[in-house]
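Student: What follows is each chain in one-letter form.
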Amino acid sequence: DQQVKQNSPSLSVQEGRISILNCDYTNSMFDYFLWYKKYPAEGPTFLISISSIKDKNEDGRFTVFLNKSAKHLSLHIVPSQPGDSAVYFCAASKGTGTASKLTFGTGTRLQVTL
Amino acid sequence: GAGVSQSPSNKVTEKGKDVELRCDPISGHTALYWYRQRLGQGLEFLIYFQGNSAPDKSGLPSDRFSAERTGESVSTLTIQRTQQEDSAVYLCASSFRQGYEQYFGPGTRLTVT
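Here the protein sequences come in this chain order: A and B.
The first sequence finishes on residue 114 if you use the working numbering, and the numbering steps up by one all the way, no holes.
The second sequence finishes on residue 227 if you use the working numbering, and the numbering steps up by one all the way, no holes.
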């Protein structure tokens with residue numbers, strides 16, 4: 001039972017353009033969402049997060065959008081840079097205020113081409 | 115400062131043998147997590163520690179898996195009588211008590227032959 005889904009296993013974007021990575025979830029109890037980036041042979045690195053009380057959070061080139069009614073979130077990277085090439089994981093947790101386990105999607109491999 | 119470290123980075127073992135994987139969290143992080151990632155799959159939660167206690171062991175796949183944490187620091191994940199399906203990258207993460215942002219180590223790649 002995959003509660004967090006990333007339906008696109010890969011995405012290729014030209015440098016300078018916008019990258020949009022999508023994530024869907026099924027569990028309405030999730031109230032906190034995160035994006036992690038992973039390079040080969042390294043652990044995932046936290047990128048950006050959003051609480052369910054918000055619909056947008058922005059940090060530099062990265063913006064996460066949350067549509068609770070659709071149970072959908074997306075990560076926008078603009079402008080995309082070659083160093084952004086990595087696997088991006090969407091994750092969700094429930095239980096505001098406590099550190100709790102993350103449920104991860106299967107990842108989307110982003111390739112930013114020159 | 116030092117991040118989360120894990121050892122060994124790679125482990126090859128024969129089916130049926132026991133293995134121990136170690137995680138050193140970021141100093142001061144009271145929460146510690148173990149995940150695994152099998153080939154082509156997402157990260158799968160295994161167990162979570164708050165301090166030295168494990169309030170959530172729901173992800174451990176079988177009783178061959180166990181974990182402990184001591185001194186609110188180092189954690190060890192033990193897999194007994196390893197099977198080929200245990201082959202995966204085992205990732206450890208830590209976080210502040212109240213925080214959601216989990217910081218991951220580089221992982222241990224376990225291969226069971």
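Read the hints as simulated data drawn from the structure, not as lab findings.
Note that CB positions come from ideal geometry on N, CA and C, so glycine has one too.
Incorrect hints may appear among the rest.
To be verified - Result set (DSSO-like, lysine-lysine): computed pairs, CA atoms no more than 30 Å apart in a straight line:
#, chain 1, residue 1, chain 2, residue 2
1, A, Lys71, A, Lys5
2, A, Lys5, A, Lys56
3, B, Lys125, B, Lys171
4, A, Lys68, B, Lys171
5, A, Lys94, A, Lys68
6, A, Lys54, A, Lys94
7, B, Lys171, A, Lys71
8, A, Lys68, A, Lys54
9, A, Lys5, A, Lys68
10, A, Lys5, B, Lys131
11, B, Lys171, A, Lys94
12, A, Lys56, A, Lys71
Stated by the list, open to error - Computed far set for chain B versus chain A, every beta-carbon distance over 10 Å:
#, residue
13, Asn166
14, Asp177
15, Thr190
16, Glu199
Student: None of the hints should be skipped; say for each whether it holds.
Tutor: Results for each hint:
Only pairs whose Cα atoms come within 30 Å are accepted, and Lys71 (chain A) paired with Lys5 (chain A) is accepted, the gap being roughly 11 Å. For the proposed pair Lys5 (chain A) and Lys56 (chain A), the alpha carbon gap of about 20 Å is at most 30 Å, so the pair holds. As the CA atoms of Lys125 (chain B) and Lys171 (chain B) are separated by approximately 24 Å, the hinted pair is consistent with the 30 Å bound. A C-alpha spacing of about 29 Å is found between Lys68 (chain A) and Lys171 (chain B), which places the hinted pair at or below 30 Å, so the restraint holds.
Pair hint Lys94 (chain A) plus Lys68 (chain A) holds up; C-alpha atoms about 14 Å apart against a cutoff of 30 Å. At roughly 15 Å between alpha-carbon atoms, Lys54 (chain A) and Lys94 (chain A) fall within 30 Å of each other, so this suggested pair holds. For the proposed pair Lys171 (chain B) and Lys71 (chain A), the alpha carbon gap of about 27 Å is at most 30 Å, so the pair holds. As the CA atoms of Lys68 (chain A) and Lys54 (chain A) are separated by approximately 9 Å, the hinted pair is consistent with the 30 Å bound.
Proximity of Lys5 (chain A) to Lys68 (chain A) is assessed by CA-CA distance (about 15 Å); at most 30 Å being required, the pair is judged to hold. Our distance criterion of 30 Å between C-alpha atoms is broken by Lys5 (chain A) and Lys131 (chain B), whose separation comes to about 35 Å. For the given pair, Lys171 (chain B) sits about 16 Å from Lys94 (chain A) by alpha-carbon distance, which is consistent with the 30 Å threshold. Of the pairs offered as hints, the one joining Lys56 (chain A) and Lys71 (chain A) holds, with about 14 Å between alpha carbons and a cut-off of 30 Å not exceeded.
The Cβ of Asn166 (chain B) lies farther than 10 Å from every Cβ of chain A, with a closest approach of about 15 Å, so its non-interface assignment holds. With a minimum CB-CB distance of about 20 Å to chain A, Asp177 (chain B) clears the 10 Å threshold, and the non-interface call stands. The Cβ of Thr190 (chain B) sits about 18 Å from the closest Cβ of chain A, beyond the 10 Å cut-off, so the non-interface label holds. The Cβ of Glu199 (chain B) sits about 18 Å from the closest Cβ of chain A, beyond the 10 Å cut-off, so the non-interface label holds.
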